[in-house]
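Novice: Given the sequences, and given the hints that come with them, work out the whole structure.
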Amino acid sequence: MITAEDRRELYLGAILLTLVVGHWLAAFYYAPVDEHQGEVYRIMFLHVPSAITAFASSAALAVFSVLGLKRRSEASLALAKATAEVGLLFTVLTLATGSIWGRPTWGTWWTWDARLTTTFLLALLYCGYLLLYAAMPTGPSRIRACAVLGILIFADVPIIYKSVTWWRTLHQPPSMLRAGGSTMEPEILWTLVLGIVILCLYGAWLIRFRSRNIRLADTLEAASFDQLQT
Amino acid sequence: MEITKLSFAFRHRRLFHNLSLQVGAGELVHIAGPNGAGKSTFLATVAGLLTPAAGTVAYQGSDGPIQDRRDALEYLPAEANGLYLKMGATQNLQFWSRLRGLNLSPPEIWTALTPWNLNHPLLRDGFAVEKFSTGMKRRLALARLQLSPAVGWLLDEPVYGLDAEAMTIFTNMLSQHLAKGGFALMVSHDLLPFAGLITKTVVIGGKPGTVEAA
Amino acid sequence: MSSPFWRHYRTLVSQGIQAELADLERLVSPVLFALTTLLLFAFAIGDVEPALRVHIYLAETFLTALFALQINFSRLFEPDRQDRVFDLMRTYPVDHTAWFLAKYTLVLAMGSATLGPTLGFAAFVNQSPSQPLFSWVVVGVAAMALAGLAALGVLLSAMTLKANARQILYPLLYFPLATPVLLAAVQSSQLYLSSGQITADVRAWLGLLLGFDVIYITLGALLFTELVDES
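Protein chains in written order, with our numbering: chain A, 1413 to 1642; chain Z, 17 to 230; chain V, 345 to 575.
These aren't lab readings, by the way, just hints derived from the structure by calculation. Just so we're clear, the structure is a prediction, and the values are computed from it rather than from any experiment. No residue lacks a Cβ here, since even glycine has one placed at the ideal position from N, Cα and C. Be aware that one or more of the hints could be misleading.
Far from chain Z by the CB rule (all over 12 Å, computed), these chain V residues [to be verified]: (1) A388; (2) F478; (3) V483; (4) T543.
Below, computed lysine-lysine pairings styled on DSBU-like, alpha-carbon distance capped at 35 Å [what the hints assert, rightly or not]: (5) K1482(A) - K1574(A); (6) K506(V) - K196(Z); (7) K196(Z) - K216(Z); (8) K102(Z) - K147(Z); (9) K1482(A) - K506(V); (10) K102(Z) - K506(V); (11) K1574(A) - K506(V).
Specialist: Shown next, in the form of structure tokens:
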């Protein structure tokens, strides 16, 4: 049975998805060709927004984790778990697009570049979070353990980023490409900013939708237990 | 000394709901109910190991509310004894009583072990508890209970694995505890030894918990 | 001092040490694991150009230490897991910060017992007449690394206490979170050994290591309380 609320939720998702697709069209037809890289730079319009969404997810994960510790509620755990899933999705997307972009511009599929390495570690940490979630029995101890890990992950990302940046930039000149930098043309800049905003919103919607999903599964389980008792 | 429980519900798997109970000094409350009804969960909740989804437990001393319930309660789980299995009996008792703020010398510990038939140099020192039999481990856990200054005992199947002799010792110890103004909440499949001691029975089932006077 | 905090701390530390001594295998096996790993590295790497020797030595030493310490850390709560000691402890009037500090102290001691032989043996087998590798600065760096890792280790141990498949879950959480330590330890030691003095670069890496220590010890003390606390 689809309630009015479900329907609203789905409409909102459909609108956001349309915006995402619309932004891709803008990325292909509105933004001008880059003078150095040619057409291939357009992958940036997917790569940079998903990277930002991936890292913003780690901040959201920390927020939901703190909430989880404060309220000890399954609702905040469901939100945190959904955030980790969405974060993992976007880190993988970032890694894939980064790799595809790296081949023509750097001449290699992979390099231990600071950002790539940090993103890779973030993907592993999201996986770790989901594994911990799966390995714990339902209940308050899972809420607490997952919340602690969520906070640890968020606290670790800046240290990892800083250490990897030093590692990769202290001894060799920064060979990585700067995403346009200050020389970016206004059309490109606006398309990019729009893309970031849209993808972050879409990510937020995914988190909401997914956490409702998790809660629903919980309710279903509780209901079947009740059934068992009567 | 009085403990007041208000209302309980356990969210995900609803075990007991709106269970209210008051326990005063000298009372032994028997928690009854079918398997899986939530008797052990109830005790663990009172012990503070689990968070109730709703309701609170209030601990009231004879001179105002208790600051830290952990000072007033001693919990004995059902399927475990809470012993360091690789260590000896004396070491175990010394450790737990130190955490309670008691500084007992080994001879004092041995005195506590004597009624339980564990005060033998070969048993009490350097003999890993894991080599004890089920009943011996339970006796050791009960010896710790006896040493504890806590007024409230939360006993989950306390006589599991005990022989007739130890059962008698335990019953005496429990009645002494109650006579001194302590109280206990107990889950036990075997009620015969406690027939005269139980003052209240709480039935936990699918329906809201009810309290009956014994 | 006889405040409850220090009484709990002392009781828990002495209990922890007794529990370790009651089961000596727990102390010895990480060291044996480290020696085995160093042997494997020697097989895998073989002869090394003199120019690369220092780098390789440090890389394999710190990697080995990271692996071996994981064994120490992941088994920290093993004696407490048996027979529901951990749960009983939570019903006892124990100060949770004292509990964390006691576990932290214990893991520092156990970690040092693993780290010392690892560092010594690695320097011993990798040295050459022209290149003595043992250095107290490297030991100091390792000690700094241990200070942060131990806090992380206690926290992860308490976190995964009730999880299924702990043995595989633990390294999957520990290694990614420990990468900054490995990096900072290897880089600072390498810069020091190649220049022979503590340069600004070395200091920068040590600063990172120190930052990591501070963050993990603080988070450890705060979050451990949250993990064991109820209601």
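Novice: Against this structure, judge whether each hint is valid.
Specialist: Hints and how they fare:
Non-interface call for A388(V) relative to chain Z: holds, since the shortest CB-CB distance, roughly 37 Å, exceeds 12 Å. Listed as a non-interface residue, F478(V) keeps its Cβ farther than 12 Å from every Cβ of chain Z; the least gap is roughly 36 Å. Look at V483(V): its CB is around 32 Å from the nearest CB on chain Z, clear of 12 Å, so calling it non-interface holds up. Separation of T543(V) from chain Z is adequate, the least Cβ-Cβ distance of about 48 Å exceeding the 12 Å criterion.
Using a Cα cut-off of 35 Å, the hinted pair K1482(A) and K1574(A) holds, with the two alpha carbons roughly 30 Å apart. Under the criterion of a C-alpha separation no larger than 35 Å, the hint pairing K506(V) with K196(Z) is inconsistent with the structure, at around 38 Å. Pair hint K196(Z) plus K216(Z) holds up; C-alpha atoms about 18 Å apart against a cutoff of 35 Å. With a CA separation close to 9 Å, the supplied pair K102(Z) and K147(Z) stays within the 35 Å bound.
Distance check on the hinted pair: K1482(A) and K506(V) sit about 21 Å apart at the alpha-carbon level, within 35 Å; holds. The hinted pair formed by K102(Z) and K506(V) meets the criterion: a straight-line CA distance of about 21 Å does not exceed 35 Å. Restraint check for K1574(A) and K506(V): satisfied, since their Cα atoms lie roughly 33 Å apart, inside the 35 Å limit.
The structure does not agree with numbered hint 6 stated previously, though it agrees with all others.
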